[in-house]
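2 protein chains.
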Amino acid sequence: MMATGKINGVDVDRLASTIDAIKGDPGIASFRFRATNRWDEGGHTETTIHDFYGARQDLTHQRDFHIHADEPDLLLGKDMGANPVELALSALASCLTTSLVYHAAARGITVRAVESDLDGELDLRGFLGLSDKVRNGYKNINVNFRVDADADQSTIDELIQLAQKRSPVFDIISNPVSIKVNGGPMRSAKH
Amino acid sequence: MMATGKINGVDVDRLASTIDAIKGDPGIASFRFRATNRWDEGGHTETTIHDFYGARQDLTHQRDFHIHADEPDLLLGKDMGANPVELALSALASCLTTSLVYHAAARGITVRAVESDLDGELDLRGFLGLSDKVRNGYKNINVNFRVDADADQSTIDELIQLAQKRSPVFDIISNPVSIKVNGGPMRSAKH
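Chains as they are written, first to last, in this note's numbering: chain A, 128 to 318; chain B, 128 to 318.
These aren't lab readings, by the way, just hints derived from the structure by calculation.
What you were told as hints is all true, and nothing was included just to trick you.
Heads up, simulated DSBU-like pairs for lysine-lysine below, C-alpha to C-alpha not over 35 Å straight-line:
id: 1; chain 1: B; residue 1: Lys-266; chain 2: A; residue 2: Lys-292
id: 2; chain 1: B; residue 1: Lys-307; chain 2: A; residue 2: Lys-260
id: 3; chain 1: A; residue 1: Lys-266; chain 2: B; residue 2: Lys-150
id: 4; chain 1: B; residue 1: Lys-133; chain 2: B; residue 2: Lys-292
id: 5; chain 1: B; residue 1: Lys-266; chain 2: A; residue 2: Lys-133
Computed from the model, here is a short list of chain B residues facing chain A with C-beta under 7 Å:
id: 6; residue: Asn-164
id: 7; residue: Leu-203
id: 8; residue: Gly-208
id: 9; residue: Leu-245
id: 10; residue: Asn-271
id: 11; residue: Ser-301
id: 12; residue: Asn-302
id: 13; residue: Gly-311
All C-beta atoms, glycine included, are put in the ideal place defined by N, C-alpha and C.
Construct the entire structure; sequences and hints are all you get.
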């Protein structure tokens, strides 16, 4: 039995309708998310998020989102944005929290606050190609949640478990995703 | 033999010194990246990137970076930022491009422009818990590069291969990363 009304800022009536619609027509649940990236200089790049496909239609965000990435001085950049592996932590943190809050709403549990700290251990020898024994990416990631909700401790623990069980980015980072990279020379220089 | 001077905005002399220093003391290559996230309402969260550990010291970014995530209206959010799986694409795009540009610099290859388009296929039934047969995250990701560089086509193809071989986020998404999630109730509500 799902809750009704708006809980945690999530319209649970619309959530229930969406679930019913998908049960009737699973094709509605097929999404395709998109990004374009343009290099500036050194470690500085800008990603633009403009549109996506879902519910059998192409949709445009209310406005474009621009995400700047760069490296700190120690890593030879100009520190004009979080670096790519920090952006990966932001994707994980936001996804776990959104998953927790939406699934709490579906169960009628009011959440008042969610905070999390994340850290990931990375050995630069991978990126630099100095050792085959270390991986390029994070060796491991730690996430520490603090949740304030109308629920007892065991229910909050369950919500934290559920966030991991349902979060798309938790799956993307925990499990292998096939990435196909194509490309080649640019036909005409735009820089 | 590495190039010298500044190429593609990357100080290759400093890059060479860094590599030499790491060869002498691999502990310098141990990094720990960090993020904190705070939920606002619905699908809206804000991640702050403030400091990191590397080269045996705690270091602070020149300024804090704030990354807003939200869901579009179709996914019951207010569209106040890219959503978490779009942020994952931005992490991948920026990392592949930075890897390409830095390794090109180390080889003395001048890059004039790099652009990429990414998309990822995702079935919402995973997140909603409606099917055990679909995964929560991306089924697959496609990346399409356009590179303008002082190099022939086969060298550009090699750079695109090298980007994949060395990119930390490519590794993080392609291969499993262990994520440990802890947490529980907040001691005092801050909202």
